[in-house]
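Start from the sequences and build out the full structure, keeping to the hints where you can.
The numbering of the sequence shown is the working numbering, which starts it at 1 and goes up by one.
Because the hints were derived from the structure by calculation, they are not lab data. Treat each hint with caution, since some may be false.
Label-pair ranges, simulated between beta-carbon atoms [as the list claims (entries may be wrong)]:
1. 118 x 187: 19 to 25 Å
2. 198 x 166: 45 to 51 Å
3. 71 x 132: 38 to 44 Å
4. 43 x 99: 18 to 24 Å
5. 64 x 190: 21 to 27 Å
6. 183 x 64: 31 to 37 Å
7. 183 x 88: 33 to 39 Å
Straight-line C-alpha distance at most 30 Å; calculated DSS-like pairs for lysine-lysine [to be verified]:
8. 198 x 185
9. 198 x 184
10. 107 x 198
11. 185 x 107
12. 107 x 184
These numbers were taken from a predicted model, which means no experiment stands behind them. Positions of the beta carbon are idealized from the N, C-alpha and C atoms, including for glycine.
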Amino acid sequence: MLVENLLKLALLGSTWVMYLLLILSVFSIGAIAERWWFFRRGSRGVDELRDRLAQLVARRDVAGARALLSSSPSTEARVLAPALDMLAGGPGALADAIDSELGRRRKELERGMNFLGTVGSNAPFIGLFGTVIGVIEAFAHLGAGQNDAAMANVMAGIAEALVATGVGLFVAIPAVVGFNWFQKKISSVEDNLGSISKQLSAVLQTHPARMSDEPRSPSVAAA
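The structure is reproduced here in structure tokens:
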């Protein structure tokens, strides 16, 4: 009974598998386009941001540092902005604040990555499944007729079934390439934040004076 039910499922053909792969391809391309735009927009001016931020922190200009971060479109700036409140706590507090904010924004960085990884690793198997179904259907037609026309239909059915494997690979390859490239971009963001954190920590150790949003008045400084 179970075998008969599975055979009936196979005789439905592999067309539905092709439609499934087409849907996965559309969503995969959409995820790749969204992630590409996110990282392209968020990777501008990071080196300049690092140098200017270090200069502002060295001058204890917290207000200027906040303005700089708010004007930057980079992902690093969005992570550093909340951590700026911990400057007065010293290098350790700043590093912890950056790590905490990076962890909080990790979902934003990795959005769509699980989907791309799943499509990249499973689309070939879905295509192979469609091929198997198509071959089963072709041999079922062969059993229904033994003439030359039936054999020709079987060969055509097998050729059509093999297309499902090719489509599965066609869907998987861009997803895998996009997944690996975006993983590299995420690692680059993490490396940049680590570098900025160490640079700011070095600046704070070199300039240990108290950070403040407003410059001190001459009378207070003289006192």
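- Task: May I ask which of the numbered hints given earlier this structure violates, with the numbers listed in increasing order?
- Result: Number 3 only.
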